[in-house]
Every structure is written in C-alpha cells, then in structure tokens.
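Residue-level listing of the chains:
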Amino acid sequence: MRYLPLSADDRAAMLHRIGVGSIDDLFADVPRAAWLDGPVDLPAAKSEIEVERRFRRFARRNLAAGDAAFFCGAGAYRHHVPATVDHLIQRSEFLTSYTPYQPEISQGTLQVLFEFQTQVCELTGMEVANASMYDGSTATAEAVLMAHRLTKRSRAVVAGNLHPHYAAVVETTSRLSSHDTVFLTPTPEGGEDLLSAIDGTCSCVVVQTPDVFGHPVDLKPIAERAHEAGALLVAVVTEAVSLGLMVPPGAQGADIVVAEGQSLGNGLNFGGPYVGLFATRQKFLRQMPGRVCGETVDVEGKRGYVLTLSTREQHIRREKATSNICTNSGLCALAFTVHLTLLGGVGLERLARLNHARATRLADALAEVPGVEVLNKAFFNEFTVRLPKPAAEIAEALAGKGVLGGVPMSRLRPGEGLDDLLVVAATETNTDEDIDVFASCLKEVLA
Amino acid sequence: MTMNRQGRQTAGEAGTEPADRLDTFTGNRGLRIEEPLIFEYGRERETGVDLPAGSEEESLRLGGLERRKPLDLPGLSEPETMRHYVRLSRSNYAIDSGIYPLGSCTMKHNPRLNEAVARLPGLSDIHPLQPVSTVQGALELIDTLAHWLKVATGLPAVAMSPKAGAHGELCGMMAIKAAHQAKGDARSIVLVPESAHGTNPATAALLGYKVETVPAREDGTVDPEAVRSKMSPQVAALMLTNPNTCGLFEPDVIEIAKAVHEAGAYFYCDGANFNAIQGRVRPGDLGVDAMHINLHKTFSTPHGGGGPGAGPVVLSEALAPFAPLPWVVSNGEQGFDLVEHAAEGDETRPFGRMTAFHGQMGMFVRALAWMMSHGSDGMRQAAEDAVLSANYVRACLSDLMSVPFPDHPSMHEVLFDDGFLYESDISTLDIAKALIDEGFHPMTIYFPLVVHGAMLIEPTESESKASLDLFVATLRDLVIAAKRGDRARFADAPRYAPRRRLDETTAARKPILCWLPRRPQADAAE
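Quick note, the sequences are listed as chains A and B, same order. Taken in order, the first sequence gives residues 1 to 447; the numbers are from full-length UniProt numbering. Taken in order, the second sequence gives residues 1 to 526; the numbers are from full-length UniProt numbering.
Chain B on its own, in the form it takes in the complex:
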C-alpha cells in the first residue's frame, strides 16, 4: 500500500499519548483498525468491476463534449473494497448493537423482513415512468399504505411524495399557503412554540413567513390563551409538535386548535413524535389540518446513517384539495391510476410538485411491512411500550437527575435538564461522552433549547427490561460519580471509542471538506 500516513494522522500539535497505553506498529488496537481514505490507496488505474466485453464505439457522438482530463478517482478491487467499508462500519454505533436512546429520533428495531420484501424485484426493479398498466402492484401498495396512514391518523387525505420529515413540513406549509391564497388571503405570520424543532421556523421562513414565537408555560406545555393572544388575521398557521419536544402531550391541544381555526388559520402538527400515540390518539380528532409522518421513525424504516427518510403528510378536508402531485386513484375493477398533472375542471387544486417522481417507494414498502406485521393491536402496543419505557427510565432516575417538567407524565421520551450538575463542574456533554465509554449511544443533548443542558432520552419500545435496567444503572453510576466530583471519569471521555473528542472548532474555522492529493496550504502550515 502506498497510502500516505506520514505526518497526517498525527497532524497538528494536539495531545500526547496517555502513558498507560502502548503504541502498536500499525496504530491499530486489536480489532480496531485505522483505515485510510480510499484516495490514499493511490491506485488510479485499478477497477473492481469487470464489465462485459463490448463494442466500445470508436467515434463518440457527444457533440465534442467529451472529458479531456481523466477522472482522478482510485478504484479498488472487490476484496479491498469489501474490507475497507467493513472496517469503516465497525467504528459506528448502531441500533443492532445496542440501545440508541436518541430523543426525538425514535431509533427502534429495524426488522429484516422489511429489507427482504423491499428487495423483491417486482418492487425494487421498476421504473417510475413505466406504463401504469405495468406497475399496478406498486400503485396498489402506495394506495394501501395511504389507507393505513389515513386510518391511523383519522385524517381524510395524504400526500405521499415528501422525502423526509422537513420536506413533509414544507409540503404541509405549502398546502396551507395555497389554501390561504385560494381565498385571496395573504397572511404573513406563522406561530411556532419556543420548544419547536429548528426545521419548523426554517420551513416557515423558506415560504416567506415571519416567524413569531409562542412561549411555553412553566409546566412545559403551550397555553391556549398565549396562542389566542397571538392570533390575528395575519397569522397563517400554528406549527405545533405534539407530543412536544419536551416529551409531553399538549393537554390543551383541542383548545389550541380551536383558537387557531377561529382566527381563520390552520394547525400544522409536527408528527415527529407520533410513535408515542399511534393507536391511542388520532391527530384528526385533535383538530390537526396537516401533519407529516416520519416513516423512518414511527414505522421503522432504517435511518441509514442519516437518511433516506420519508415524510408523507396527512391533510384535513380543508387542505386536501391542495395536495401536491402526484397521487394514486383506485378505479375499482379497472385497477389503479396515477394522477401526475392537474386536470382542468377538476375540484382538486394541487399546489404543485414536491419531487421528481412519486416519493420514497423503498421506504413505503418497509413502512407498510412494519405496519402490517404489527397490525392495529401491535401499533397500539408499540406506543404503550414506548411510553412505558420512557416513564420507567424517568422513575428510575428522577431521584438523582432533575426533571424540569414534573407535573405531567412523559410520553415516549423523558427530558432532564442539567440542574443536578450545578454543584459539579461536569456538563451534559461530559455525561454523554462518559456514556460512550460505557458502551452506549448517548441521549439527545442540548435539545430542546427551552431547558438548560437538556438530555432527552427516548428508549423506544424495542428495549427489553434488562436492557433498560442496565442503561439506568449505568446512568445512575455516572451521575453519582459526577456529583462526587470524579472529574477524571469525565474529562477524558470517551477513552475507549474509535476516536476521542474531536476538534469541532478548527473543523468549522478552517474547513477541509474533501481530500486533496498534496494539500499545499495545509502542508505549508505544518
């Protein structure tokens, strides 16, 4: 191998090797392998793909636009490629290897049945623009999933195409804007509670709305009077997460919806936390006009290291006519049709199109397989187990850690703040990093922003009691150590992860975003 490691992995002046650790010749430590970048294998003329021998055209018909400079990308043989990525994978934490209690992310078990059915050639090897007569099963599947989503949420329509949660938010807010425009009503303000996820205000701003914040009550929930006092003919919508990002069900949600509707505005619900209530509450019964459903959260399509997600949006009667193209219609005996263009004289008034094709079909298959496996009884049980597990974790920790909103039961996630650390010089971040050394993925930290040093724990329904007990016992031990002032246990954490704490400040100040062969600037600085 001709990889260039010299002066690279020890770049900068940071840190010295702890004395208790012996250096190895390779830099590896047992199963923990230091893996270079593919570009450092340095073999430009290699390829790991044998293509069929074929007539490679002598004269190109590219209109004179052929590449002049050959691509400077190394190729690796198949065994090298396999080994490279398997080694990289081993420095990742994953649900399959342990509890992943990342609040607001719903990291639940990903059944492999769903992967298997998503790979049936009749579902994976079909083109989005094949004649619709040749994809009747695909359209039936989308229609079936749409039905399940509508029944589960108690809303009459669903836009299937949004590609992720934030894309679903955009879709819902576009429908709201289109509905106001259709009435000739140019409203300019969107209300967002202060505990909202950052995508909510970002989405509203993208559509040109001015964002106004609704403060939370002392108990972490939204006061309908606070909403009512903010209402005006200028308010287009309220974007509310329910259960909210503090893990609480908004007890006055129906009252809030009423206040919104009375002012001629719409109620957008962020459905990120639908896992807590599926089968127990239908958002349609709460007065919701639009809500995205993160199929990758509630319905367990794999998170894939950060996507792909899927974010279908259920819509009320008022917003249904504005749903974006395309959609599937069932013609009974005649099968299914796909509406891809607005037809004149139709009562629908689609606001437009969110994406090139029909949405995240691969995710639809997996989500529907999850729903059919659970059935309506299992979906309700999943929500109950998720809520039970979060409250169990809370009950086991609340004598040691601080619960900022003790007046309400938690839903599927429990929020702590860092009040219990005030006497120590240990931070939320330190607790998270020490959990890594104990073999856990930490909880969500510093979100939501409404409490100081937030720790948001979402165990999901996938954990056994034994798993929860070990997590709780570990956290208790860490908190006791923190209160005792056992600084050493935290300051250097994580010590046993593939990397120790990384310098994020320099990464942002002097961004290095791709590999460069000799990187002249950096070398000059060294």
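Okay, chain A solo, but in the shape it has when bound:
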C-alpha cells in the first residue's frame, strides 16, 4: 500500500520492541463480541490509476458550470478565481498544517488570519471579525445565538426574504435549543415590511441584503427600529462581491454581520467547503463565537500573532463556551484572503461593477422575452423573474439545451405558491454570447 511506510520487517521489529507477539495483542481491550477477524466488506486497495479513472467517471456524469451557459446563484456564485489562489492554497505549509496551537511555528497561518480578519472588518464596515465560520448559513445561526446572549432575550425575528436554507438552519438550531423564532413570509417583489414585526421582546432581527430575490435592502430604518426596541440587527450577505459596490451593513447600523465568503477565492464545489464571515462591534467581542487571531510580541519584542480570547471557547469553557465550534474554515479563508489581496479595494469595486453590469444586461435581455417579468427594480448581480410556467420545469428544459439558467424558488420553498419564480444571477464569467443564448433558449422553451 503506497501510503504506508512500515515494512513487514519493521512491523515485526516494533512488535518485538513492544514485547507482544502480534498486533492482535494491542487490540486486547476490544470485546470479543465486536472483534472483526478480517477487513470489512468493501473493495480492496486500488492503484492511483484506477482511483483516478473512477473519479473521472463520477465527474463525467455531471454538467460542469464551465461547460454551460451558467446563471445559478442563490447563495453560491461562480466567479473567476485567479490561478495564483489555487497554487498558494496548495502550498504544503498551508495545506498540511493544522490549527496554530504552537504559534512559534505557525506564523504563516496566523498572519493570514490576521489579514483575513482585517479584510472582513473593512468589507463589512465592522470593528472586529473572527477567523471564519463553516459557512454563511451556520454563521447566521451562531449570530442569532449570540444576539440572545447579548440581549438576554430569546426571540428572533427572521426576514421572509432570508435565503430559505439559512432560515431552515436558524429554525433548526432555535427549535432544538428551545428558543422562539418568528419567520415572516416572503415578499418576492421586495419592500418587505420588517418594522412592524420588531418589538421589545425580540433579541434580533435577521435581514439579508441583497435578499434571496436579489433586492438590496436599506438596513438603516431597520437598525433604528431594532435599537429602539433594545434588539440587534443581524445582517446577512450571501454574495461577498456585492460589498465591493454596496454600502456595507456596518455603515447602516448592523450589530452583527455574517456573510458567505465563497465568492472570493472559492469554487462552487457543489455546496462546500465554503467560508463564513462573522463580524461585530468591539463592545460585543467577548460574546463572539469562533477562533480569533490577535497581534502580540515575542520575548525578543518581535511582532507575532497568536490565537487569543480562548476563554470564550469550548476547550477552556466547556459547557459555558460561546459556541461548540472548534475548527474554522482555514484554507477557504486563505483562498478568500489571497484573492482579495490580488484584487485590492480597487479591483473588488471593479469586479463588483462588472457583475452589476452583466446582471443589468441580462435583466434587460430577459425582460424582452415574451411572458417573462423581471420583478426587481434594483439588484446587484442577481434578480428574480416571473415565468408563465413552473420555473422548475423551465430550468430542466434549459439544462437540456446546455443552459443552467438559475434556481427555481420552488427548489428552496416548495408548496408556497412561488413556483413561477426563477432566481437568476450573472457574474464576470458570463459573456454577451451566454446572455444571448440564455434569452433565446428561454424564449424557445416558453414558446
């Protein structure tokens, strides 16, 4: 077996040194009733060629986004990732190291995390950020729990236009940790009324911008109303690139900002691994979940970085910890940071403008298809169209023509009368030709 360096002679010598007759002696504590005499019932070892061949077969049965005219979004976006990013995240020293428990020999990872935290603060307009969460949806659930701790209340109000899967994660966590949650109904046309749902009993209001239908949300009045009621505003962003062009939630009064960072540096990967961003105000720092990296000095006075504030965390606080989270999403955070370092503020803004321009062109093209109504007056790179037929059928028919033409809302919220809605995204990866193909294929399948 190519991955196992010990030879039969090594094994014999080692058993001899230990002073046992066979490997079975080392498993002596395993109860006889559970003892396996041989391998489990699975195929035997395979060579590298055979494994590679098997995975090519899995891959061939999928339609890769790059081989289609591609317009899916709804929480995962296809952006171009510079080749440098993938090279750097495959550096042995980043890829095959672990949590920086020994900071003296982990400064590479730690400095990256410090850069990451700084970038997240600047992007979201917040004061402190952690070293990342699993993804945007789990970060949202953690934000709600944090708001409960901070306000000593346990009732969250969740916008109807929050991504339905995010809402489901919040719902699951809340229900099973015995917290109360109010879920508003979706407003596909935008302009959701959140103000009337906020009162003095709620810990937080959770609002996504742009929302799942693509509408940018003015958070300011919501923040004001929430603060009057003694509640917090949790802002959710699923498309991190939007922050290059749009006013950051921190500048609109958000108390906690969570985001999906996949758009920067990370591929689609069928939904994971992704990287959750989590940022808040300085004054809430001690209730923030997750790992945090901080600056310090070594005994020679040289600047260095360490994981810090671990008294919030499970390995010290156990059942009193702010969260049970243990790892972050280190390598995805590295990809995010390298991509953003390449872009810089200027590059990110340019990228965001390009996305917006592509989406604008797409919206205009689709609006001309007979029977298609674009619901959004405003959007970033994603918007919703109403179709004269069930969107799921149309998406399937489009796929047959090599167009992955968006996400039917019924896929996310079935049985709620939203079957005619299709959420469509465009990014810098879409050409004019893609857009024309999409519009003409849509026309055909609707005809």
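Hints listed in this document are in silico derivations from the structure and should not be mistaken for laboratory results. Hints should not be assumed to be uniformly reliable.
As the list claims (entries may be wrong) - Simulated pairs of lysine-lysine, DSS-like, Cα-Cα distance not exceeding 30 Å:
1) 69/B x 465/B
2) 69/B x 377/A
3) 69/B x 320/A
4) 320/A x 183/B
5) 220/A x 69/B
Claimed, not checked - Output of the computed footprint for chain A on chain B, the stretches with three or more beta carbons under 8 Å from beta carbons of chain A:
6) 72-85
7) 352-358
8) 457-471
Nothing here was measured: the structure is a model prediction, and the numbers come from that model. Quick reminder that beta carbons are idealized off the backbone N, C-alpha and C, glycines included.
Fit chain B to the given chain A structure using the hints.
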C-alpha cells in the same frame, strides 16, 4: 516599499537580542524573511487582477445603496502576492515537512491524488442547486461514500451534511433530542466523562442540556457501574469518546451501551479517534446510536491550517428517521435523487437542516479517494500501523517518561503525564518548545485534562520506523536533559523558530484583532 516597520516590530519593552546573534540590516536571517502585513505595503490603488474590459454600467440599479466610501484595502500585483504568501507559508510547520504527532488530531499524510480528483471540473465546478439531472455523478459519489461509511461503522444510516466534527456532534445530539421529543420524553441531562473533548459538553449545553460528569476509573477508562449509577429517566444521552482521549479503548463499552439503553437513553460516540479502529471494530457492534466521523482525521482530507473539516454522522436504526435534510436516494435505473424537504406521509421525520447545502463535497471527494485507494484491507492495515506506532513510541519512552495508565495497551496515541518532571523545574510546555528547536512539531499538550501536564503523542500510520526512531531518540535526549536540570536548553526554547515564545497574556488582555492604519491608542501608549 512604504511599509511602516519603524517602532512596530520592536514595540513593547520586551527582551534584548541575545549576544550570540548578529543583527542584519533587513531583520531577515538567510531564508527566514520578515514579512510585513499586506496593509503595510500601502498601495491602495493597485490591483493584481486584470478583468475583461467591459461595459461598466453608467447608471447603477442598486436602489441608492451604493458604497460611498471607497474600500480601504491595498492590492498587490501578482508577483508580489505570490511572494508575500510563499514567504508566509515558510514560517509554518506542516505534515509534508515532518512528523506532526498532535494527539487527537490525526495528522497523517495527505495524498495529492485526492487534491487532483477534487479539482476535476465535473466535481469542483458544479452548483449545489443545479437541476439534479445534471449532477448525477455528484449524487452517486455522495451515495458511494455514504455506503463506505455505513459499512465501515456497521451502522445503517448516515447524515452527510455536517461541516466538521463539532458540527457532527451537534447533528447527532439534535437527532437524539428529536427522537426523545417524538416520544414526548423531555429529558434534561447529558452525561460526559471527565476526559471528554470540550466540544462534547459545549454541544450538549447548546441544546439546553445540563451536563453531568462521569468520573474515570484509576486505569483511565469508564466504569459501567458509574454510568449505571448516574442513569435516570432524565438522562437523554451519554457522550463517550472511544477510543477515549487517553488513547485507550473502553473495554466495557458494550456494557456501558447496555446501561444507557436500559434507561431509555442514547449512546453518542465521539468518533474523533476512529483511525485507531477502522477495519478492526465497527462502532455499530458496540451499541453506538450516533457517531461523527472526522473525514479530515481518519480519511485524511487536508487540515488546511484549521479547516475545512467534514463530520458526517452515522446513525442507528433508532435515530435514522430523524436524520437532517438533505439526503441522496438511489432509484436504481432512474438514477439518484436529492431529498431537500420533508414530505408529508413519509416515515422519515428529519429534525431539520444543519447547513445551507449538501455538506462538504470537496472533502467527500478526497475522503472517498483515500478510502478507495486503501480499500478495506488498507484501512485495517492503516489502523494497525497507527496503533503499532503509538505503542512503539510508548515502549521506547516508558522507562524515562511516566505513563499514567499503564494497565492497557495504547490505541493510536500514547498519553504521558509530567510525573517524570516533578524533580526538575521543567514543564510540559518547556518540553514542547524544546522539540520545536529540534525540528519537530510538538505533541498535544495539557489535553486531556484528567492527567497533570498531559503529553499526547499520535504518530499516525504515515511515519516510517526511521522517522519514529529519530523522534523517540530526540525526546529521550530532551527528557534526560530535563532530569539533569539543563535549564538553559528549555528556558529560552524555541530559539530557532521564526518566533520565540509569544506573549499570549497581553494578546488576550489588550486584544489587537485587526490592523489599523495609525492605531492611535497604541501609538499613544508607546
């Protein structure tokens, strides 16, 4: 470069340069380069990405919500970016550069085949919400991995979506809570042995359970009678790590499971240490109801400097109906389907959803490639080699170091306490830092909490005998030096790492968590 180094890297009043070391003009020492933060390159108007020239829309349709203040983030050209991160990478220790015997973390070799297949566009460049007809291969892959996990653990169901070990624990405990609720049984207590990883009590507490501790026996294992005496109609579950965090297989685990089940509770097993027993023992045969599998440990998906991990949870018949959404179903000839919503009239009763999409697909690909490469024979051999290596390290050191639980063989990791250092003024931490100077990543220290000054060594199956012998010889030399009272070798360690011991107290008392251009408070204090 306009980076601001003045008064920064020498901030504070700490330390003086040792006399035996010459300062260089740059502060660099040969290949060891001092690298500033990207923010200190100070070039806001730069970018290292050329985007296609395109029609940048004149009039924005953002509903008046455009950013007013430009982003204050520097950009670097591509060569500068490459150099910056390559330089940073070189101050990291990694498995690829040496033994990484971090107990309970299973730092084994990461095959590059797995990286290559994970990057096939048909697996990496697919969207989680594409029509399922266009992702049949992806669903087949998830279904195949699920099959391998079920067979390897002897349990009938698996929830694939949890994103890491602790997330898997949460998933398993949620299934347990949902199962009790379905019976109208509101139980309030979760039992956790004192040697448990901190995530166990944190997870139970997150779900509103009161955590009660089960003490360990003298020999480091759990006494079924101690479990039985704690059992009551209020106990929802026992969370037990097996092999446990002291590196021992719980010999009475079947008896313990029985005691748990007799009281109507469930047995959650923390599968962090599955690497020790894969192919030798199936947790399903031990009475386990739920167990997460850290794909990044046992099945070698890269640790990435701290994630991403993946933590699928295998479930018993009793808990299977409560598994969270989504899951893959095979319809034979018709291919695969993805169930993303609970259907009425179905016998399944999913407790909800753990994450937005379907789990860590990128990790699934790598883990399955590892499993298929090893095959059932190689998986068993990997466990045996991991256990053999840990016991070999133990045999080579036990005359010098103290083994707190000598009555049982170790599994894939060997635990020492600091008893052998009592006569000296050297600590566990000192030993760890001196190992750094010798070119090794230290073992896990001060965990588990049940012994004083713990040192937990997990060599994994990836080390050659020569590598183990050098590690052992080094540790012997250090221990002899410690016993001799060679304080100098330890007090200043590490001396040869990119940084020397860092001031963690100040870092926590006055947290600096992001870079600020002029940092007025800090400058005022200087």
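Broken hints, by number: Of the numbered hints, 1, 3 do not hold.
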